[in-house]
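Visitor: Produce the complete structure using the sequences and hints provided.
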Amino acid sequence: MNSATNETPLKKVCIICAKGNIEDVYATLVLANGAVMEGIEAKVFFTFFGLDAITKNQMKKIHTGTVGNPAMRMPGGLPFPSILGMLPGVEAGVSAMMKSQMDKLDIPPVDEFLEMITAGGGEVYACKLAMDMFKLEEKDLWEGCSGVLTVGDFYGMCGGENTQIIFT
Amino acid sequence: MAQKTIAGKTVEVNAEGYLENPSDWTKEIAVEIADEIGIRLTDKHFEVLDYLRKEHAAGTQLSVRRVGKSGITDIKGLYELFPGGPLKYSSKIAGIPKPASCV
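Protein sequence lines correspond, in order, to chains F and H.
So for the first sequence, my numbering puts the first residue at 1; every next one is plus one.
So for the second sequence, my numbering puts the first residue at 169; every next one is plus one.
No lab work stands behind these hints: they were computed from the structure.
Any given hint could be a false lead.
[Said to hold, decoys possible] No more than 25 Å apart at the CA atoms, straight line, and that leaves these computed lysine to aspartate or glutamate pairs for DMTMM-like:
#  : chain 1 : residue 1 : chain 2 : residue 2
1  : H       : Lys177    : H       : Glu215
2  : H       : Lys237    : F       : Glu143
3  : H       : Lys256    : F       : Glu123
4  : H       : Lys256    : F       : Glu161
5  : H       : Lys244    : F       : Glu38
6  : H       : Lys244    : F       : Asp103
7  : H       : Lys266    : F       : Asp103
8  : H       : Lys266    : F       : Glu7
9  : F       : Lys60     : H       : Asp242
10 : F       : Lys56     : H       : Glu204
11 : H       : Lys266    : F       : Glu38
12 : H       : Lys237    : F       : Asp111
13 : H       : Lys244    : F       : Glu123
14 : H       : Lys237    : F       : Glu38
15 : H       : Lys266    : F       : Glu143
16 : H       : Lys222    : F       : Glu143
17 : H       : Lys256    : F       : Glu115
18 : F       : Lys11     : H       : Glu215
19 : H       : Lys266    : F       : Glu41
20 : H       : Lys212    : F       : Glu115
21 : F       : Lys12     : H       : Glu248
Guide: Structure, rendered in C-alpha cells:
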C-alpha cells in the first residue's frame, strides 16, 4: 500500500509481550522491527513470561509449546499427537527446528533482533511488577533494555496522535 | 505503468515511484529521488546503493539485517543514512523494487 495515500499514517506503536514462547516473542519482535523500518516509533514492554525474551539467562533458550497447541503439525503436515509433545526432548527438538527455519528466512536470534530494533531507535522496557514477581534485577536484563517501568510509566509513553497499543 | 521524468530522463515507475527497470538507473536519478525523500547523498550512500543493486541483480532477498552484515555499514548506520526507511528508501534510491521483507 502506498503510505502517501494514507491520510493519517501510524506514528507510534506500543507493544506488550506477556508470553515467553517463540511465537509470541517473535510476533512482538517482528512487529516492533517492522515499525522502526517504516519510520514508526516503537516502544516494547515485556511483562510476565515475556520477560524471558530480555533476560540474559533465558533469551537464547526460548521454546515453543508442544503440548496443548492444536496448530502443531509434523513436518509434511500430518497431525502431531499431543502425547508426543510430552516426551523429553521433543519440545527442544521442535523449537530447534523452528529456529533453523527462521534462520533460513533471515530472521535473527532474539538478542540480535532486539539489537536491530534498538539500532533503529526502538525502545525496550521491562515490567517492574513482573520483575519483582520473578525476583529479577536490572543486572539480569539484556544490556540494551532502556529501563524498568510501572504500568503507569508505560501508559505515559503511549500518548500522542496515531498511536496504537498492541498486545501480542 | 506510469512514466516519470527524473533528472531529465523519462523512466517507468510504479505507483509508489520505484523504478520499474533497474537498468534505467543513473546516479543523477538517485540524487533526484533522494532529494524528493529529503536525503542528501554522500559517498557512503552510494556504497550502500551499489551493494543493493549488485545484490538485487544476483537475486538476493534483501533485508535490513543483510545490509547490516555487508561490511559497508551496520544497522544503526543504515538507519542514519536513510532515516525512516532503511530498506524502502535505500531501495527506491537504488532503483530496485521495494523488498518484500518483514525483517
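Visitor: Could you run down the list of hints and mark each one as holding or not?
Guide: Hint check:
| no. | hint | result |
| --- | --- | --- |
| 1 | H:Lys177 - H:Glu215 | holds (23 Å) |
| 2 | H:Lys237 - F:Glu143 | holds (21 Å) |
| 3 | H:Lys256 - F:Glu123 | holds (21 Å) |
| 4 | H:Lys256 - F:Glu161 | holds (24 Å) |
| 5 | H:Lys244 - F:Glu38 | holds (14 Å) |
| 6 | H:Lys244 - F:Asp103 | holds (21 Å) |
| 7 | H:Lys266 - F:Asp103 | holds (22 Å) |
| 8 | H:Lys266 - F:Glu7 | holds (21 Å) |
| 9 | F:Lys60 - H:Asp242 | holds (22 Å) |
| 10 | F:Lys56 - H:Glu204 | violated (43 Å) |
| 11 | H:Lys266 - F:Glu38 | holds (12 Å) |
| 12 | H:Lys237 - F:Asp111 | holds (16 Å) |
| 13 | H:Lys244 - F:Glu123 | holds (14 Å) |
| 14 | H:Lys237 - F:Glu38 | holds (20 Å) |
| 15 | H:Lys266 - F:Glu143 | violated (33 Å) |
| 16 | H:Lys222 - F:Glu143 | violated (35 Å) |
| 17 | H:Lys256 - F:Glu115 | holds (20 Å) |
| 18 | F:Lys11 - H:Glu215 | violated (30 Å) |
| 19 | H:Lys266 - F:Glu41 | holds (21 Å) |
| 20 | H:Lys212 - F:Glu115 | holds (22 Å) |
| 21 | F:Lys12 - H:Glu248 | holds (19 Å) |
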